[in-house]
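K.L.:
The primary structure of each chain is shown beneath.
There are 2 protein chains.
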Amino acid sequence: MNTEARFDPREFRATLGTFTTGVTIITARGADGLPVGVTANSFNSVSLDPPMVLWSLARNARSLEAFQQSGHFAVHILSAGQEDLSNRFAKSGADKFTGVACSEGAGGAPLLDDCSARLQCRTSFVYEGGDHLIFVGEVVAFDRSGLPPLVFQAGRYAVATRKAASLSSGSLDAGWSEDHLPYLLGRAYFQVYFRIREHVRADGLSDDEYFILSTLAVRDGRTQAEIEAGLSHAGCDCGFQVLAGLRQRGLLRCEDGTGDLRWFLSDEGRRRTLHLIAAAKAIESEVLAGLGEWDAVALKNLLKQLVLSTDPGLPDLWSPPPAATTGAEA
Amino acid sequence: MNTEARFDPREFRATLGTFTTGVTIITARGADGLPVGVTANSFNSVSLDPPMVLWSLARNARSLEAFQQSGHFAVHILSAGQEDLSNRFAKSGADKFTGVACSEGAGGAPLLDDCSARLQCRTSFVYEGGDHLIFVGEVVAFDRSGLPPLVFQAGRYAVATRKAASLSSGSLDAGWSEDHLPYLLGRAYFQVYFRIREHVRADGLSDDEYFILSTLAVRDGRTQAEIEAGLSHAGCDCGFQVLAGLRQRGLLRCEDGTGDLRWFLSDEGRRRTLHLIAAAKAIESEVLAGLGEWDAVALKNLLKQLVLSTDPGLPDLWSPPPAATTGAEA
Chain A
1 MNTEARFDPR EFRATLGTFT TGVTIITARG ADGLPVGVTA NSFNSVSLDP PMVLWSLARN
61 ARSLEAFQQS GHFAVHILSA GQEDLSNRFA KSGADKFTGV ACSEGAGGAP LLDDCSARLQ
121 CRTSFVYEGG DHLIFVGEVV AFDRSGLPPL VFQAGRYAVA TRKAASLSSG SLDAGWSEDH
181 LPYLLGRAYF QVYFRIREHV RADGLSDDEY FILSTLAVRD GRTQAEIEAG LSHAGCDCGF
241 QVLAGLRQRG LLRCEDGTGD LRWFLSDEGR RRTLHLIAAA KAIESEVLAG LGEWDAVALK
301 NLLKQLVLST DPGLPDLWSP PPAATTGAEA
Chain B
1 MNTEARFDPR EFRATLGTFT TGVTIITARG ADGLPVGVTA NSFNSVSLDP PMVLWSLARN
61 ARSLEAFQQS GHFAVHILSA GQEDLSNRFA KSGADKFTGV ACSEGAGGAP LLDDCSARLQ
121 CRTSFVYEGG DHLIFVGEVV AFDRSGLPPL VFQAGRYAVA TRKAASLSSG SLDAGWSEDH
181 LPYLLGRAYF QVYFRIREHV RADGLSDDEY FILSTLAVRD GRTQAEIEAG LSHAGCDCGF
241 QVLAGLRQRG LLRCEDGTGD LRWFLSDEGR RRTLHLIAAA KAIESEVLAG LGEWDAVALK
301 NLLKQLVLST DPGLPDLWSP PPAATTGAEA
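Chains A and B are the protein sequences, given in the same order. Quick note on our numbering: the first sequence kicks off at 1 and runs consecutively. Quick note on our numbering: the second sequence kicks off at 1 and runs consecutively.
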């Protein structure tokens, strides 16, 4: 417990940071006609009738006078994709609006696009608040886009996801439970892949063959060892027999370069692979729609975190081939 | 765009809801010595020097007078597990504190446990704010626990997760990208299961055999059809040959009930399965530590959402057996 006697400002900021917020950019037009804008997470709602919101601005902010004189301000609740815009307006500088598309709102306040929501306000009160001033405004117009909002927590950008119900009320003494991450990952993966597998099987392919073809669709001309390096952790058999089997069915061709054989998709192989990928993307769209757009953003985000933090050192599937290899292929 | 001319209160609330917040419970001790407490998401920080925070309370709140008279209040930033406590303090009622462990803070304000953070405040200002009053307090003591915070967004409880870096800077025209959900799910799953598989193989088992044994560890006495119903979507071979093979190695035994054969773990089978599950849980712990506790909560939460929304109608692994079946087993 920190008390007045030993008040650590850094620890105080960290403690405040546990309160999650959205991120807003507040804009106004100063008495000189110039637009001002600041990133703020001190926004909150105050009143429903009359509709009022508030936010706080540091007394030493360059734009303080403009906000005090304007009599209006516009609050932009930023969407998950607007991290760069947030960073731009968080810094001091005269060129914040350069290249940013704006329309004009109440009191001349610049209105930015692609936010989750916007609230145009007439300043009602400006209150003392220590080293900040508290601006309270009455909302005169507002709109929202449906885009998932950007979130700020513990000093970092974040996205939020609604809390899920429990999968099952039962909790048996089985040594593991539905909360076991490998189980959740596996069940989620197999429930989604289950539907893709139907298409893969209908095309006469095994799961392993589909994984190999998808990998080569990203970039072909890989050796068997390169294909295995990316897929063996998945328990995928990428042995010569499997590759030769795909070649025999006219889906792959191989070239004898300097060293190992390099494997390429045939035209027919590429056509059928892209067809399967299109089917997988249609299934993905349905799955994401079932999850909802906001949670879809959050889930992909977390899976990327997990992939990065558990990467056993897999080759980067998406990287261009090493220069030497390119030469050999040319 | 909603303007003054057509101001829809419901749409206004939805627009405010796009601003994500934490959830707090604010407590105080009234002049009558009785504790009061309300759930509020209108909290925010105001000033660092002096350290000040604010929150808003409806003018018609029962506890308004107590908060006005007290001169102190305590802000509890709730943790992800405190949804029930949040609901309890969001309702009107005299019994909010019944059965809730409290200590006493500055000005006698009740202090609740297991929050993400707590801030004890001396009321500095009470300002007008439409149908609410804005309480501004100077923080006289604070602490935080490290527990991940509860989040509120779009009218629902949520959890937040930090935004991930991109997996790869490359983006090739392959028909699919690293953003493809089935790819992310599969890569995440296989990177985690990859490490469990080492233990499974060291124990002389195939992946399918491990899945079957884990399922029976939850509840055995299942028929082959029941085992298949839960695992076939994962492409798992649960055929009689596989079950018989496990029996031959002394890991399963079967009983001839009324109808199909029912499969049970042998003592040796249970011992070895629980041993593997313990290894899987140790790996899970490492993976979750790499992800961080807050993101781990969010990821599990989202995977549960996904499992629920893509469930092809799998039997509930955790449910007790139907009554009739229990009878047959007895």
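Incorrect hints may appear among the rest.
No copy labels: a pair is met if it fits in one copy or bridges any two.
[Stated by the list, open to error] BS3-like cross-link-like pairs, simulated, lysine-lysine; straight-line CA separation at most 25 Å:
#, residue 1, residue 2
1, Lys91, Lys281
2, Lys163, Lys91
3, Lys300, Lys281
4, Lys91, Lys300
If you are wondering where the hints come from, they were derived from the structure by calculation, not from laboratory data.
K.L.:
Report the numbers of all earlier hints that the structure fails to satisfy, in ascending order.
P.N.:
1, 4
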